[in-house]
Amino acid sequence: MDDGGNMRWVPTTMNIDDHVIVPHLADNNVDKDELVEDYISNLSTTNVDMSKPLWDFHILNVKTCHAEATSVFRIHHSIGDGVALMSFLLSCFRTTSDPTCLPKLPVFSSSKSKPTKNRKKNLWQYYLVKLWFFIQLLFNTIVDVLLFIATALFLKDSQTPFTTTPGFNASARQRYIYRTVSLDDIKFIKDVTNAVSIYMNLAKHYKLFMDYLKF
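The sequence shown: position 195 = 195 (full-length UniProt numbering), numbered continuously.
Don't read these hints as lab results, they were simulated from the structure. One should not assume that every hint holds.
Unchecked claim - Here are the in silico distance ranges between beta carbons for each label pair:
#1 47 / 168: 22 to 28 angstroms
#2 47 / 133: 39 to 45 angstroms
#3 150 / 97: 25 to 31 angstroms
We treat Cβ as the ideally placed atom computed from N, Cα and C, and that holds for glycine.
Sequences and hints are given; from them, build the entire structure.
The structure is reproduced here in structure tokens:
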């Protein structure tokens, strides 16, 4: 925040020792897989320190049945929201002819010309389309409100794998169970679907955003 009370982008300093954590988890009497699960479960109950960049990296030098060691990357959800918002804004203002160029805002001419018959006809069509969209919005809103009231009164949610069973104690402590996924399988799915790597895409969007700020 500057002297005028306005928010500004400023560079920040970071101490890497505050973010990379290597805990000592040597315990021969406990199953190593459960030890890792307990550590992750305990980690989820603590908050990220707001006085430093909102992420930390934990290296667990414990041999499990899946790997020689385990790393846990904890990141605050606000960073993910910010990256998603920047990616969305860049996608909205980026040209399809040259995706690598800097985003540009559309410029409209302020000159006014006399209305013609074609323009009047286009205006009528414009207002009719707007009216139709408003009617659709009103109808969908009424339907959603009625469904919400009906769900609160007597309807029930559909059964999913995340639906709790009767007698479930929500206040009880829960354990995080992880599964190991092969990177080769992920690359195979990416190649079959002709998708783009998420990390490469985020890095490209971040570079474009920083270039846009410098511009």
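These are the hints, each one checked on the structure:
1. 47 / 168: 22 to 28 angstroms: With a Cβ separation near 25 angstroms, residue 47 and residue 168 satisfy 22 to 28 angstroms, so the hint holds.
2. 47 / 133: 39 to 45 angstroms: Since residue 47 and residue 133 have Cβ atoms about 43 angstroms apart, the given range 39 to 45 angstroms holds.
3. 150 / 97: 25 to 31 angstroms: Since residue 150 and residue 97 have Cβ atoms about 48 angstroms apart, the given range 25 to 31 angstroms is violated.
Hint 3 alone, counting from the list given before, is not met by this structure.
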